[in-house]
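Participant: This is what each chain is made of:
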Amino acid sequence: MAEIVLQNITKKFSHVVALNDVSLCVRSGEFMVLLGPTGAGKTTTLRVIAGLEKQDEGQILFDGNDVSTHTPADRDVAFVFQQYSLYPTMSVYDNLAFPLRSPLRKMAEADIKARVQQVAELLRITHLLERKTARLSGGEMQRVSIGRAIVRRPRAFLMDEPLSNLDAKLREALRIELKHIQKTQSSTTLFVTHDQIEALTMADRIGVLFEGKLIQVGTPTDIYDRPTTTFVAQLVGTPRINLHKASRDNGTLHIMNSEVSLPMPPDTTAHLPPTFTLGIRPEDVKITPTGALAGQVVLIEPLGVETVVHIRAGHQTLLSVVPGMTTLKLHEEVRFDVERERLHFFNSDGARIL
Amino acid sequence: MATIELIQVEKKFGANYAVKPMDLTIRDGEFLVLLGPSGCGKTTTLRMISGLESVTAGCIKLNGRDVTWIHPSQRDIAFVFQFFALYPHMTVRDNIAFPLQAQQVPRAEVNRRVDEVVKLLQIEHLLNSRPGALSSGDQQRVSLARALVRRPAAFLMDEPLGALDADYRETMRAEIKRLHIDQHATSVYVTHDQIEAMAMGDRIVVMSAAMVQQVGTPAEVYYDPANLFVARFIGSPGMNLIRGQYEQGQFIFPRGDRYTVPANWRPALDKALNGAGEVILGFRPESGKVEVQQTDNLIKAEVYASDMHGGFSMLHLDVGAPNVVHIRANRDTDFLMGERVHFGLDPAMVRFFHPQSELAIRREEN
Amino acid sequence: MAVTAQALSSSAPRRRHMSDASLVRLFIIPTLILLILWNVFPLFYSLYLSFTNYSAIANKAPEWVGFANYTAILSRPSFWNSFITTGVYAILSVSLQTVLGFGLALLLRQKFWGSGIITTMTLVPMMLSPVVVGMFWKLIYNPSYGIFNYLLNPLDPRAATDMLRFPNTAMLAVVIVDVWMWTPFVMLLCLSGLSAIPDYLYEAAAIDRASAWFQFRRITLPQVAPLLMIAILFRTIEALKSFDLMMGLTGGGPGNATETVSIQLYRLAFQGQFATGRASALAYIVLIIVISISNVYIRYLNRLRGE
Amino acid sequence: MTTTFEQTGPRTPVVESIRVDKLSPRSRLAGRARAIIATVLALISLIPVFWIIRTAFIPLNEVTAIPPKIIFTPSLEGLVGLLTDDRILSESALAAKRNDPNLSFVDRVMLNAGREVVGSSPYASQLVNSVVIAGASTILSVFFGLLSAYAFSRFNIPGAGDLLFFILSTRMLPPVVVTIPIFLMYRSLGLHDTHIGLILLYTVFNLSFSVWLLKGFIDEIPREYEEAALVDGYTRLQAFRKIVLPQALTGIAATTVFCLIFAWNEYAFALMLTSQNARTAPPAIPSILGSGGIEWNTIASGVLIFLIPVVIVTFALRKYLLRGVTFGAIRK
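Chains as they are written, first to last, in the working numbering: chain A, 1 to 354; chain B, 1 to 366; chain C, 1 to 307; chain D, 1 to 332.
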């Protein structure tokens, strides 16, 4: 499987900068996820790698050699589109066989048939082979389009939000299966999504893209525990991270216009500027009778597996998460505390303070 | 405010049922959620309550008054649409003021109530822009304002968060719930997103195939699902469901593992399956726990996949094809693909279902 | 023609197949050549002719006469007469078509059994060849045997008047036929405007107790207006160019009661003394008027498509 | 894969919903009234067509009946008269001819109209010209139109907007304006009154239309299909042939039919650029009236033959009529 390297790729459409000096390395056999809101340039990155778009600046290397001059066909990468992934005028079998029948490959029809059977078994779609693609369900369609990518053993897989049009249950199931297939085939995969759960659960490494710039690259744990900007912090994790303006006066942190003030262990706050942005994940806000802080419950959102409790302290509201169902009542006074060593600090322009 | 009663209400299109005959009472000030996959009849039910859809049979009462055949405008209800339904060529202020103008409310009163509701939803800065120019979140706020300004007896909302971008959804969810707490107005809310239903509903009506599967509080629906559909639909991922044999107090997995059923379940199972027979074991992901050392009553499995979910990890364990179960584990558990592990179940959260009727087997004492 | 294809335009190491840029050139150039040869070149040629006294049948070379042709035409009463005739015809037929077309669209908006067939049936007239339509309406208007008079006054068929013999009734006759042919066009556009209105707007209005008049004025009309504009603009351009229908029905007669500018141009260029130079001048005057209106039309069309 | 229990429920998704205000008795009545008025108006608008059909098949002697006859024994006199040259026979010649044993069907039809068939009329050949010229020009304009439409749809060509505007504006030109210079060009090139001359002119006349209409159809075909083919190892041309064409067939068919109708109906160019050899039906029809006095059934049949194909095709095209008359600009 190929290693894909992007070096300072820039791409402009008329006056919009879609990609702004992006450098990224997808190691051979790695499952890399590009995460970002719509319009961040995720799809453009895939299209530039596949050769469907020409980058204005920068090189693209497959296993070290530059493919910028190669046509999509010569780059031998598989592209799974978000929708319209199957040729409507063909049956499932012809869809799977289509890449193998390309003049580039000159494969005998018998070999094609064998290879298609093999992939159909792997994805459990043998019963669909003769069916017209229009009569498939959403889940079956995506399975066949994944099959069409696998059938030709490409150098790499490029997947553009293949699961986003499916309903929630099917998405979960296919996510697990896709990761399982990728691990067993150990195929280099670049997977694009705007859904942070998909990114966290599937990726070996995640690249966060925003307005054409690569903000952070790291393992899911890096991205979740050490977000480099407030944008990354609130992009990952449900419910969203608490971000509040805070100030420091020698040793205790104080969330502005609220009654929350946190005495911190010595010399852990010296490096902080006087005012900064304080980030606290809801699961790090612990409701305990012995909590140092006090607040009032203004909203309870039971989600079954856990419950989100909105605690108002002064004019600020902090979100906290309690496992299972809570016995708390609305407007109840409650005491809570915060995991001191899991706090996040960001300066005024949102960058992380290490 | 209003109590809404549906008595044997049904809706048929030609031969097939959009909504099978159902009885439902929505209490005064309650926030009731109609939850189900697309095409299950939840929207049709809401539209019948609003009068936008005619009833094939049965009767609908609003505060005891029969409104079945009354025109929507005479039902004193407000309807919030998924795609906002704002008049595109009118400013935000005109949109909000419009329902009052239609009822010939004097101009001074109109302005007063509009300003009041605009302050409530903090959309003062949008008043003279066109709906088309607003973000989806703001458009939905204007649509809510237009509903609130009339102070109707009941609020009907058809997937109001469906068309919003992801990052507005969480905030708008809390805002609608907080509005309900302030106004304590009877509300009927339709959604296909089970997280929204759990987070907002005082009670949830789970629907599927034009039928009510279960009516209950979020806790009842989550911990005591009435049938397999509810068990699988509520929770992401849904409840793990494994079909196996039950005999003399033990559940036998397809691969032969034996799990001793908690004592308080034995009488109910013996009675339901008269001694032994096929049964479906159900347990939520968080009720499973991977054990390190081998103690009794554990189930063997291989790791099919494991993934990180931020605050926790999810293990997907193969307990003999075709079953893969999902177990929630804390953050830093890390298993290799195919590694053999064994897990135990929290006795309080174990559930059982009849394989044929798909109904839950109920224990007597609760 | 510098063509940069949006997709990859670099040629592959092994030049086995065409790059996108050359494919685009190959696909577009034939069309452009044909259009230039048969449209642009003739226009320049006739522009040149409009400044000469050339006549197609007199075999003497064209002599430059400057603006003589233009001043001659603009000073001739028959030019202004045909211009006014065309204008009256355009205003009458387009306004009638708009009112009737919009009314029909409102009628056919609610689907009923067979409404598809009915709609298509009403659309048939606009697809027919105008000269042939003119022909058979001539039979219909025939005072003694035509059905028009018979339907008009079935009691005493004798009292028939020959519509086509008197100047003002002739114009009316032509307008009736044009309305008959092109009302469905206006209806079709209005129907598409009406069907694009989302149902939930009317539902919201129903819930807000809006009156039927409000729903029409504030929901239906604004949505249909742009398409109605398109229909009016398109029909105005066609009316200004009308030639086939008049030739089929009245040949521009009686006298020059229904002689549109195009017919006068035809007579000037291809009948009598074949005054090619002068006819080209008249052609250019008409060209400028039509181009300016169609310019508005196409810009409006693009803006609507852009939405 | 976790076992998924098949969800029971109504197989066909319930989509159609009837709004209550559409159902109330008052509105149902209004709906029915609307339907009746619409149907009546449609029938009235088609009276002229019905009347032409009646006149085409009425025997000559009943043509001038007052009040115009509705019920009559149809005859093919009009049709045969149209397609043949014939002479009026005197009474005696008529009697003699009647008992001639080997009379063909055509002769017998004309006999009871008191005429003798002499040869075929020019109208038949003019119809053939119409078919040949319309057909050939349509094939050319759709072929070139398809290529250009694909190029404009898939690639952003600098100045594409103005180019498309130029292409459409050529269609807006009054035909008469363009004909004068073309008449002179054709005369000097020897293209006047030739089939090839008119075919080329009609090709250009329809080309602007087919580019716009086909671009509309190709725009609706998602680009992802071609791009998937590129990535799967096919060239842009192969992707166009294997993926885009099969999906554009309905669009091509609709455009072809529209071009056929426009070329078939065209009158101005044909009138001025042909006289004899390449004369098509439209300019010929008025001349039939000129010559004959009251052979209305002949004229009506000429009109009928010409209009019937267009009426049939219009029904076949009804889904695309909106698109066709607005150059593919409005598609809903």
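None of these hints come from the bench; they were simulated from the model. Since we're looking at a predicted model, the values are computed, not measured. We put the CB at the ideal spot given by N, CA and C, even for glycine. Honestly, I wouldn't trust all of these hints.
Covered by chain A, per the in silico footprint, the following chain B stretches (three or more residues, Cβ under 8 Å) [what the hints assert, rightly or not]:
| no. | segment |
| --- | --- |
| 1 | 42–50 |
| 2 | 88–100 |
| 3 | 268–278 |
| 4 | 301–314 |
| 5 | 353–364 |
Under the rule of at most 25 Å between Cα atoms (straight-line distance), these lysine to aspartate or glutamate pairs were calculated in the DMTMM-like manner [claimed, not checked]:
| no. | chain 1 | residue 1 | chain 2 | residue 2 |
| --- | --- | --- | --- | --- |
| 6 | A | K106 | A | D94 |
| 7 | A | K169 | B | D94 |
| 8 | D | K69 | C | D162 |
| 9 | A | K245 | B | E170 |
| 10 | D | K242 | A | D21 |
| 11 | A | K183 | B | E170 |
| 12 | A | K329 | B | D307 |
| 13 | A | K213 | A | D21 |
Participant: Would you mind marking each hint as holding or not holding in the structure?
Facilitator: Hints, verified against the model:
Residue count for the segment 42–50 of chain B with a Cβ under 8 Å from a Cβ of chain A: 0. That is fewer than the three needed, and the coverage hint is violated. Coverage of the segment 88–100 of chain B by chain A is violated [criterion: at least 3 residues with CB-CB distance below 8 Å; count 0]. By the rule of at least three residues with a Cβ nearer than 8 Å to a Cβ of chain A, the coverage given for the segment 268–278 of chain B is violated, with 0 such residues. Proximity of the segment 301–314 of chain B to chain A, defined as three or more residues with a beta carbon under 8 Å from a beta carbon of that chain, is established by the 8 residues found.
Proximity of the segment 353–364 of chain B to chain A, defined as three or more residues with a beta carbon under 8 Å from a beta carbon of that chain, is not established by the 0 residues found. For the hint pairing K106(A) with D94(A), the CA-to-CA distance comes to about 16 Å; that is within 25 Å, so the pair holds. Taken as a hint, the K169(A) and D94(B) pair is broken in the structure, with Cα atoms around 42 Å apart against an allowance of 25 Å. Simply put, K69(D) and D162(C) have alpha-carbon atoms about 20 Å apart, close enough for the 25 Å limit, and the pair holds.
Distance hint between K245(A) and E170(B) is fulfilled; the C-alpha atoms sit about 21 Å from each other, no more than 25 Å. For the hint linking K242(D) to D21(A), the alpha-carbon distance of about 37 Å lies beyond 25 Å, and the restraint is violated. Note on K183(A) and E170(B): the hinted pairing is violated, with a Cα-Cα distance of about 33 Å set against a maximum of 25 Å. A hinted pair counts as satisfied when its Cα atoms are at most 25 Å apart, and K329(A) with D307(B) does not qualify at roughly 34 Å.
Between K213(A) and D21(A) the alpha-carbon distance is near 7 Å, which keeps this suggested pair within the 25 Å criterion.
The structure does not agree with the numbered hints 1, 2, 3, 5, 7, 10, 11 and 12 stated previously, though it agrees with the rest.
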